[in-house]
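**Student:** Residue-level listing of the chains:
2 protein chains.
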Amino acid sequence: MAPRGAYHHGDLAAAAVDEALRLIDADASASFSLRALAERLGVAHRALYNHFADREALLAGVAARGFDMLADALVIAPDAPSFLAAYVRFALARPGLYDVMMARRHTAINGDPGLRAAVDRVIGAAVKGLATPGADDETQRREVMRIWMIAHGGIGLQRARMLRLRSDAEFAEEILRIAGF
Amino acid sequence: MAPRGAYHHGDLAAAAVDEALRLIDADASASFSLRALAERLGVAHRALYNHFADREALLAGVAARGFDMLADALVIAPDAPSFLAAYVRFALARPGLYDVMMARRHTAINGDPGLRAAVDRVIGAAVKGLATPGADDETQRREVMRIWMIAHGGIGLQRARMLRLRSDAEFAEEILRIAGF
DNA sequence: TTAGCGATGTATCCACTGGATACATCAGCG
DNA sequence: CGCTGATGTATCCAGTGGATACATCGCTAA
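Protein sequence lines correspond, in order, to chains A and B.
Here UniProt numbering is used: the first residue of the first sequence is 1, the next is one more, and so on.
Here UniProt numbering is used: the first residue of the second sequence is 1, the next is one more, and so on.
Calculated directly from the structure, the hints in this document are not laboratory data.
The structure presented is a predicted model; accordingly, all values stated were derived computationally and were not measured.
Honestly, I wouldn't trust all of these hints.
Since the list gives no way to pick one copy over another, a pair counts as held whenever it fits inside one copy or between any two copies.
[Claimed, not checked] With a straight-line cut-off of 20 Å between C-alpha atoms, the simulated SDA-like cross-links for lysine to any residue are:
hint, residue 1, residue 2
1, Lys128, Met162
2, Lys128, Arg164
3, Lys128, Leu163
4, Lys128, Leu34
5, Lys128, Ile76
6, Lys128, Ala80
7, Lys128, Pro113
8, Lys128, Arg141
9, Lys128, Arg55
10, Lys128, Gly10
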């Protein structure tokens with residue numbers, strides 16, 4: 001909307017999402033305060049409310065950007081095993097962001113068109129990246145769900161250290177075997 | 001420790017965990033404040049700090065109780081499909097509690113002996129409930145991980161409405177097929 | 001050219017939160 | 001029977017998300 005030297009700040013909405021991503025990555029959770037975020041942007045904390053209805057709306061913006069980045073990481077996977085590996089790598093590299101993405105509720109996803117579109121990009125990448133030629137649609141759909149469940153569940157359990165594995169590297173190897181690759 | 005008419009309140013620690021469970025179930029998240037909890041117990045909010053170091057310690061207590069209840073729900077499952085079904089039923093019936101259980105970090109689980117023991121009860125139930133006779137230990141271990149990943153991941157994706165299924169009932173049916181049962 | 005309007009940002013306030021410090025109460029043991 | 005340590009209370013604090021009122025200034029229409 002405001003490409004260059006626009007008004008007071010430029011494009012505060014985008015800058016806020018950028019900075020929020022940095023803060024989230026920094027301590028692997030979305031525990032930052034709006035005030036800390038605003039201070040880093042050199043702006044009164046209330047200025048953010050001109051672009052986001054509330055904290056939740058800002059996080060929805062962060063989630064949308066996260067799904068976009070995830071889709072970028074997934075579309076280049078040449079086959080199912082590398083697809084799964086790329087997904088796991090993304091989630092373990094940016095755990096705070098992954099949490100924000102996955103914590104968004106149904107209403108948020110369907111309410112925010114940008115967020116919905118980004119999620120759909122990821123789903124599209126999954127359908128293509130996990131396609132098994134010759135299988136009917138129902139089977140393909142189920143295979144996407146199966147891999148996604150194993151990936152998402154494995155990530156959560158590994159992060160909670162419930163699997164008793166020695167390292168993330170060992171986990172990355174193990175999950176491929178478990179998925180049947 | 002304080003069985004009957006003990007001191008001022010009786011057993012505030014246990015009562016606090018009970019009441020926290022109610023609040024968590026009520027709005028499907030652990031968003032309650034210590035003050036609201038204390039008020040319901042008829043006690044100054046600071047009294048809780050005589051039993052829990054901080055909010056996180058209280059939630060660790062809640063998580064321990066959650067794992068105990070989950071283990072109770074799992075040990076009676078006669079075979080692998082009913083085990084999976086029971087796990088999913090528990091998590092979808094008490095989403096707030098399930099989140100609290102799964103959000104506990106490595107340090108919390110290993111630091112609190114009660115929590116650790118409760119987690120081990122669940123793992124023990126899984127190993128028994130999912131046992132496939134005649135398979136070697138490594139295979140059994142991997143099968144436990146596979147089902148747990150599918151269950152935990154499926155639950156998370158279903159709750160975020162990422163799977164595009166019509167209802168929790170449909171999900172419960174679908175996940176059994178996906179697990180290969 | 002300029003008036004003023006709407007978008008953006010600021011100043012200040014509020015109720016509420018988790019947590020800290022200091023003190024009061026009282027069960028049970030010597 | 002008096003002391004002590006466990007338990008609970010009173011009060012304070014800085015920090016939080018959010019609200020209301022106002023200031024700034026680019027853009028557009030006359």
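**Student:** If a hint holds in the structure, say so; if it doesn't, say that too.
**Tutor:** To see whether the hints hold, each was checked on the structure:
For the identical chains of this complex, Lys128 and Met162 are inter-copy neighbours only, at 17 Å across copies versus 31 Å inside a copy, given an alpha-carbon limit of 20 Å. Proximity of Lys128 to Arg164 under the C-alpha cut-off of 20 Å is restricted to the inter-copy arrangement: shortest distance 17 Å between copies versus 33 Å within a copy. Taking the closest pair of Cα atoms, Lys128 and Leu163 come within 20 Å of each other only across two copies (16 Å); inside a single copy the shortest separation is 30 Å, beyond that limit. When the C-alpha separation of Lys128 and Leu34 is checked against a cutoff of 20 Å, the pair qualifies neither within a copy, at 38 Å, nor between copies, at 48 Å.
Taking the closest pair of Cα atoms, Lys128 and Ile76 come within 20 Å of each other only inside a single copy of the chain (11 Å); across copies the shortest separation is 41 Å, beyond that limit. Proximity of Lys128 and Ala80 under a CA criterion of 20 Å is satisfied intra-copy only: 9 Å inside one chain copy versus 32 Å between copies. Taking the closest pair of Cα atoms, Lys128 and Pro113 never come within 20 Å of each other, the shortest separation being 22 Å inside a single copy and 46 Å across copies. Within a single copy, Lys128 and Arg141 get their C-alpha atoms as close as 11 Å, which meets the 20 Å cut-off; across copies the closest is 31 Å, which misses it.
Taking identical chains as interchangeable, the C-alpha atoms of Lys128 and Arg55 are never at most 20 Å apart, the minima being 34 Å within one chain and 44 Å between chains. When the C-alpha separation of Lys128 and Gly10 is checked against a cutoff of 20 Å, the pair qualifies neither within a copy, at 38 Å, nor between copies, at 60 Å.
Hint violations for this structure: numbers 4, 7, 9 and 10, all remaining hints satisfied.
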